[in-house]
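Chain residues, written in single-letter form:
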Amino acid sequence: MSSLSLLSLLIWLPILAAFGILALGPQRAGMARLFALASSLVSLVLSIPLWMNFDKTTAAMQFVEKFNWIPTLNINYHLGVDGIAMPLIVLTTFITVLTILSAWKVIQKNVHQFMAAFLMLEAMMIGVFCAQDAMLFYIFFEAMLIPMFLIIGVWGGPNRVYATIKFFIYTFFGSVFMLIALIYLYMKGGTFNIAEMAAIPLSLTEQIWLFFAFFLAFAVKIPMFPVHTWLPDAHVEAPTAGSVILAAIMLKIGGYGFLRFSLPITPDASSELGWLVITLSLIAIVYIGLIAMVQKDMKKLIAYSSISHMGFVTLGIFIAFMLIAKGGDTHMALEGAMAQMVSHGFISAALFLCVGVLYDRMHTRLIRDYGGVINTMPLFGAFFVFFAMSNAGLPGTSGFVGEFMVILSAFQANFWFAFLAAITLIFGAAYSLWMVKRVVFGEVKSEAVSQLTDITKRETFILAVLAIAVLALGLYPEPLIDVMRVSVSHLIELISISKV
Amino acid sequence: MSMNTLLIIALSPLAGAIIAGFLGRKIGKVGSHVVTIASVAVSCGLSIGLLLAFINGEASAFNQNIYTWMVTGDVSLNVGFMIDSLTLVMMSVVTFVSLMVHIYTIGYMQDDPGYQRFFAYISLFTFAMLMLVMSNNFLQLFFGWEAVGLVSYLLIGFWFKKESAIFANMKAFLVNRVGDFGFLLGIAAVAMSFGTLDYAEVFAQLPQFADKTISIFPGAEWSLMTFIAICLFIGAMGKSAQAPLHVWLPDSMEGPTPISALIHAATMVTAGIFMVSRMSPIFEMSDTALSFVMLVGAFTAFFMGLIGIVQTDIKRVIAYSTLSQLGYMTVALGVSAYSAAIFHLMTHAFFKALLFLGAGSVIIAMHHKQDMSEMGGLKKYMPMTFITMWIGTLALTGMPGFSGFFSKDIIIEATHASTRWGSGVAYVAVLLGVFITALYSFRLIYLTFHGKERMDNHTKDHLKESPWVVTLPLILLAIPSVIIGWITIEPMLFGEFLKDAIHVNHANDVVAHIGEHEFHGAASFALHGLTQLPFFLALAGFALATYVYLKKISVAENAKKTFRPIYNILQNKYGFDDFNQKYIAGGLVALGNMLWKWSDSKLIDGLIVNGSAKVVNAFSKAIRPLQSGYIYHYAFVTAAAVIFFIGRYVL
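As given, the protein sequences belong to chains X and F, one line each in that order.
Just so you know, the first sequence maps onto residues 1469 to 1968 in our numbering.
Just so you know, the second sequence maps onto residues 1297 to 1947 in our numbering.
Derived by calculation from the structure, the hints in this document are not laboratory data.
No residue lacks a Cβ here, since even glycine has one placed at the ideal position from N, Cα and C.
Careful, some of the hints might be misleading.
Here chain X is said to cover these stretches of chain F; the calculated rule only asks that three of the stretch's residues, wherever they fall, bring their Cβ under 8 Å from a Cβ of chain X [said to hold, decoys possible]:
1. 1318 to 1332
2. 1498 to 1506
3. 1752 to 1766
4. 1883 to 1897
5. 1900 to 1911
Bound conformation, chain X alone (with noise of 0.2 Å):
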């Protein structure tokens, strides 16, 4: 196998596959199923040599393909990755096998479609980390929104028609203006090649419009405060497979769309502006936290739990024009807000399938129908409260690496940053706590408890897997930031010199 190459199987298998899934027909869920797990672990295995093969000593894109696609348009069909986008690429191929693992029971009805919906997303998400065309970017950007809106609006709950309408037309208006300020630079520069965009020369008034455009369209993915009201409702009404990929994947584009375009292009109005990111970001720490601590249904709080964790992500990435202003050290905010993005991915998705444990069982997410779960469930129990515990930035667990390292950046900059954002320490431990005390322990609360059975090997194992990622991140997270090392001081020069 050509490394040439490795970046396009890894989108276009998982489509492949998806429509041979399809092809099986209703009848054959045995089939459809061991299909999908199937090609969801060739991609895990393709994206170890994108690992294994990766250099970490440049910046430069590696494992690049690119082939005209509409030239009058200058539209390529350009593929590569650097420090930033290949750790999360292969999170996603690594989450992608755990939820097709966790749905293979709970899903009954058209497993077929579902799983080639999960094919489909896995192949978009893909190709939105691998994209180096803008066009190329928005069109994996937006088709990721069906396969999402399909396993939400068929395989959802009650309330999932307003859940999808809600998420879909939210993501979709982020992303309309995200359009128009690509169409704008193209005409501006002539070129959707996405390092080049960065190269182009812009006003800080254009860079503001353009700022603006790109941010609703983040913001909304992330989701920041206050376009974050559709999470806890898709959330809520998602099967859990996926909430999973929701939480786990779905929102890292929306911090990754930050690093790849709004810094590089809009610098000038990254750093004139940071100040409003970081007021949302911390506004998302303690305010959401706040809201999550009151939360009845289990899954609302791990949604809002989201929304908080994410605000470190923001809250690094717009420190870091600050600590340039001020000639500080910018990695650390930078690799901090990455490594809370893969720690989040790992955490939330262990969450979602901890209630989805639940759920499958007593077919109720409300934490009063609960209580005392763990004299039926103990091994269920300690991992949830391992969970919650990584949840709560427990160092030793991934939680902490990048809460840890964007509080160190944030009191840098300035100290009530690093003041408000630490109070994370206190609410992320009081809500994640609070839920185990009631969920978890105590006398075991109703009939419905009592006759609740442990968790099944394969759940098990799925947990197992995460509860070692969540481990060996947080114990030993020098070779993620290794391999992003050099891909993020080169963004920090891009982004350290005006435009202006």
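Position chain F relative to chain X; hints supplied.
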């Protein structure tokens, strides 16, 4: 000293914990306790061996990284060990007490269904605590710090069906997180000012930072060192339970007694004391911070001791005593007598672990009843527990010759000698504290072992001494409770032993001052103690307790009535819990609900998001009738438009 030895010391309990935790069901109860006890025994033996080698000059201090956790920008974050006299003392105390508690647990938890899990937890705790004390940098310190907090959480909530236990463990974790909030900001300040988190590198740069300031509020410049020291100390206030972050410790007594001894008396709660001593070069640069430390300690030492007098739960009395004693250590830190703090930490670890384990032995005999009003006269049923508890009490109350005397007396004298702002108040507090300590300690002894037997007949019939696995640790802890002071006071306080590990500015060095002017060997120090005020205060406390609780119990009842308001204040623990519960926890939940209902649901989602959808909906509804589908409607509109435009054109 070699890296391999140190790794064995640290990792051996971890291995024990993993085996007992994951294979507990396979290897059974005996297998689990054999494995964990052996693993901790290895650590303990090697630690004490290293300590002795160090004392004899065969080993020297050690500082080496194990692996690089992360390099980010210019900062390199490592995991590594720094071993010096201070570390060795801590390692030896931790592993020794842990070993005793492991053995004791065989007896205490024998019928508990979570037997293996318990052993896994306490071994894991030992590992975490070792990582904390052996660290050579702030990052790993914080790792250990939070890891012991995690195990403490798991162990307080060990009986997870008990509502009070699972409330207490969450409370403990959250209150500690408040302290960690300050601690983390302190670490951030260190990292961002010094560009490193390595102890040695930070300490080496300190002189250049003496006059640096930090601007927290615009216009106000604060000393950076004061800021860092106070932030770090806030962390210590959480872990070492200093007011107002002490509220979790009494509740932590909901956990099984062995961990009350190990974690909530002897080791984990002293982590804050250890940390401040380790950071002595930083603290020495700020008199303001040290005054703050001292006053917090003095408040805790005095007022928490008072609560101990009115408690009836045997474990809670000892818990408040622990708070008070931690206050003593904190006062010692505040007057720059770090070595005295560590000395008291060590002696306290032995006699307080002894008292807790003794109380546990009583609780076994009483079938898990802890209320002293149902005890009394136990001395004839359990002589070994009785004698060892008496020894522990004599040590705690600082009777001359016992270990607690040396360490407590030196703290009182050091406070007396200190000229730091506020040391007068602290001196009064620690002095009166001696009286209070004697009062609640002997009250406990009399109510438990002496006087009338107040238990029901069923309990009385089954009273018996605990098995040897319980009494052996009591004896092994009673020995150092008596002698450790004699042996170690001279090298630890006035010798060279801790000189390289703890930095004290010459002008602040009250311990050295005492060493030069008042100390002439342990024996004469003990003799001298017989003529001093603290001894008379302890005697007064002893006499009062003897009179009231041994001779005339009605006095206590009358006093309760006469001083009802004071009694109520103490019974309510000064209202800290109510305040936190009502205003802080309650307030945050109310705020969260308000934000959720009004801001998130009504304003953002209701008004803006769904509101805009509704506007679009209403608008389209309004114009929808235009598309009726009837040809003649459209034809009419077309014709009307044509006429309109022609009309306009013509006119």
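Legend entry - Hint numbers contradicted by this structure: Checked against the structure, the hints that fail are numbers 1, 2 and 3, while the rest are satisfied.
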